[in-house]
Amino acid sequence: MAEKLIFAYSQKGRQAHTLPEAPPVNFGLPERKILRLPEVSESDVVRHYTRLSRQNYGVDNGFYPLGSCTMKYNPKINEQIAAFEEFTGLNPSAPERAAAGLLKILYETEQMLCRIFGYARFTLQPAAGAHGEFTGLLIIRAYHLEHDGGKRRKILIPDAAHGTNPASCTLAGLQAVTIKSRPDGGVDIDELRRHLDDTVAGLMLTNPNTLGLFEKNILAIAELVHNAGGLLYYDGANANATMGLARPADMGFDVCHLNLHKTFATPHGGGGPGSGPVGVTEKLMPYLPRPTIDFNGQEYFLNHDRPKSIGKVHSFYGNIGVILKAYAYLRLQGSAGLKRASELAVLNANYVKARLQKAYAIPYPQICQHEFVISVKEWKKQYGVSAADIAKRLMDYGYHPPTIYFPLNVPECLMIEPTETESKETLDAFCEAMLKIAAEVQSNPELVKSAPHSTIVGRLDEARAVKEPDLNYFAGAEN
Amino acid sequence: MAYFPHTENDVQAMLQTIGAKSIDELFAAVPEKLKNSEFPEFKPISEIDLLAEINELRHQQTGQTVSFLGGGRYAHYIPPVVPALAGRSEFYTAYTPYQPEISQGTLTAIYEFQSMICELTGLDIANASLYDGATALAEAVSMAAAATGRLEYVIANPLHPNYQAVLKTYLGPRNITGQKNITPNTAAVIFVLPDFHGLLSNWQEYLAKARENGALFIVCADPLLLSVIEPPTADITVGEAQPLGLPQNYGGPALGYLAAKKDFLRQMPGRIAGRTTDDRGQRPFVLTMQTREQHIRREKATSNICSNQALCALMATIYMSYLGTRGLQTVAKLCKANTDYAKQKLGNIPGFSVDKGEHFRDFVLHCPVSAQKINEALAPNYKIGLPLDDKNLLLSVTEKTTKEQINKLAKELSGWQKN
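Chains as they are written, first to last, in this note's numbering: chain A, 1 to 479; chain B, 1 to 419.
Bear in mind the hints are in silico, worked out from the structure with no lab data behind them. From the three backbone atoms N, C-alpha and C, an ideal C-beta is built for every residue, glycine too. Warning: the hint list may mix true and false statements.
Only part of the chain A face toward chain B is listed, based on derived beta-carbon distances under 7 Å [claimed, not checked]: (1) Pro-38; (2) Gly-163; (3) Tyr-360; (4) Tyr-473.
Computed Cβ-Cβ distance ranges for the label pairs, DEER-style [said to hold, decoys possible]: (5) Pro-445/A / Arg-297/B: 52 to 58 Å; (6) Ile-34/A / Leu-51/B: 46 to 52 Å; (7) Ala-100/A / Asn-36/B: 35 to 41 Å; (8) Gln-80/A / Lys-262/B: 42 to 48 Å; (9) Glu-42/A / Asp-24/B: 37 to 43 Å; (10) Glu-25/B / Ala-429/A: 47 to 53 Å; (11) Pro-5/B / Thr-50/A: 26 to 32 Å; (12) Ala-336/A / Lys-262/B: 40 to 46 Å; (13) Gln-111/A / Pro-80/B: 35 to 41 Å; (14) Arg-51/A / Ser-370/B: 52 to 58 Å; (15) Tyr-341/B / Gly-398/A: 54 to 60 Å; (16) Glu-96/A / Arg-297/B: 54 to 60 Å.
Starting from the given sequences, assemble the full structure and let the hints guide the process.
The structure is reproduced here in structure tokens:
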């Protein structure tokens, strides 16, 4: 049974807190008449949210091969470090000397990221990947405004890119231009050349791309874009394949964002908080958000004196609690450990791909990087079984499904990213489940189409959710 | 080096299945020039050594015990149920709930969060959260610009300077600019409750002017305050919900919230959970209204937001459930009572003064001498309050502040008359 809402436990007069009675006060504004928050006991609260947690699936529950999301194991020591009261209790306006330890950690985090990815500096201010994209694009925009005036407004984006890329362009006042990929998933150089004129601000690229393939021509692409006066932006969603093996700055990317909640093992929290640091080459340093965290040889300090900065993208300095976790991960791994993580992530993806390729159609059969895509479009035609059906059936076998229907240029696709923290045994068991499902598609397609059968709720009517929006308990039909 | 379950035998067996001789072969597509790039390495460390280092660093950070520092982040009491429940790893190690059948925990909590935010703000719809109060306000102005087709916003009363800076960064590139006067070109009028200096004032005049000119009325409100006053009849209400059970975290993670009238659903940014039915007749929850979002509408999306602050929204939801109506109102009233007491006590010290009017949590102390000097003398390793300029100090209290702490501050300040 699905857990009911907290409001259903409410009884007038019940209370959990032990606050003292407040004296009468005057706010000088009309007093609130009705407020319908739940009135429950402490054990009601504890049981309700404990039950809800049991209706959730996280990396700690099991294998989570959600492509492009890098759902690796989240070490417990990171949680412990981020929870120290000396860090969590710190007001952001505290003087630098009272935050000296934390500022040192933030500074060192930046230094380690600079080394691994090849950049001169990083800002830690963006709170998520898309926030990082927005920040990076504003930096590109500011650079061109200073050097070319306002004419460079186009950002070229391959058709297989994450949806955040074009959305971030619009938000940054730039114009997203989609360029078609080659049939093998790479950038079409002729198509790219056609677009490269003096209105181009840059190219946004994910490498390895969203098909899990490394862009072989990256050096030539970078040269073309740079010769045309454009800059290159690296979408770090897939950075887990590159650490210590191919640094984005060496590839020619001028700006790069990372997702600490993917590559650097910080938990995703069911939709955040994340962290999306942005790295830049030396010529773009002046435009970084303010403040930067600087070191004068003696003290770490917040440097607000940045006249060319794009400004602030967060009310303070970013998701510090998340950065602390990534710092711990970076220190425990060391640069060699990060390289090993990327190697084993790629090994795991290729292993799963090799084990599944006899039963599943893999449109890009070459060696992949950290992830790969399956397409079930033939099964859709033959048996009426869709990528979503396969995903739902996987839940019955105890797995979180892969990403589905992305990238958009592969019909009926499932995108599998195992990550390096999974053992061969886990991968073997997952492959066995996938192979069984492939057999079920042919022997009993209805079983797959009506999945999941073992979950607490069945398949949801998503169309109804849109047609008859029920977004607020107090406005909903059941109130 | 840690977190790799692979034995050497595993690696060899896997390579054999793949048909590769070595791991290097898997990186054949990477140009040699990139592979051979050298960079300064850094060594791995053990958990024991790392903890020893961190302990040394954090123990250097002393002095933050008693302070009146607020200005956007506040030291409220956090009931132990909040970290205990939000610390369950089924919640915190999950991704965005794309697969509702195995994500009802997160989805139900988002729906509860949306409902509680709607209740507090008196509005119809709310999203699953935004990065912080400042970016939530920027998103609200963006919504107003899209809804009205206009490009100007007006800030009615003192807004935190960092929020102003974020508005400029977010909106400037799209030529959406802040203006002084409300005119028929105004997309949105922003009213802050309480304002940057803690002052509570009536919004009616600005609401009327916004309506006259066809602009949207955006309120940027503290959610605790909304538990005790009638919520303004805004089109969009946003704010920072850090006071609802989140630590200060040196500024982040924080929790932006955004609620609106239902007419603005199509312009709303971010994730939204909705209730629907499943094939067994139950009423579970799902992410919905996704045609607004970046993964479908791409460059035409209402926003680029993807990851938000879901776990922080869960913490706020647990906090509000635990406190309930009376608890939340009690916290707000205790904050107000402490503000009143501190204003009266400190404002009566010869040479010092405070502003008239009702203040909530923050207030300005006008000092006879340099605020900076007072700060340094009274709290050599920390800050008593936030110096706004030469002689003004922004002080802040919460329900945790005691009369003794305020009395002690008053005693220490009383030696600082102009001399």
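Outcome of the hint check:
no. : hint                              : verdict
1   : Pro-38                            : 5 Å, holds
2   : Gly-163                           : 4 Å, holds
3   : Tyr-360                           : 15 Å, violated
4   : Tyr-473                           : 4 Å, holds
5   : Pro-445/A / Arg-297/B: 52 to 58 Å : 33 Å, violated
6   : Ile-34/A / Leu-51/B: 46 to 52 Å   : 50 Å, holds
7   : Ala-100/A / Asn-36/B: 35 to 41 Å  : 39 Å, holds
8   : Gln-80/A / Lys-262/B: 42 to 48 Å  : 43 Å, holds
9   : Glu-42/A / Asp-24/B: 37 to 43 Å   : 57 Å, violated
10  : Glu-25/B / Ala-429/A: 47 to 53 Å  : 26 Å, violated
11  : Pro-5/B / Thr-50/A: 26 to 32 Å    : 29 Å, holds
12  : Ala-336/A / Lys-262/B: 40 to 46 Å : 55 Å, violated
13  : Gln-111/A / Pro-80/B: 35 to 41 Å  : 36 Å, holds
14  : Arg-51/A / Ser-370/B: 52 to 58 Å  : 56 Å, holds
15  : Tyr-341/B / Gly-398/A: 54 to 60 Å : 57 Å, holds
16  : Glu-96/A / Arg-297/B: 54 to 60 Å  : 43 Å, violated
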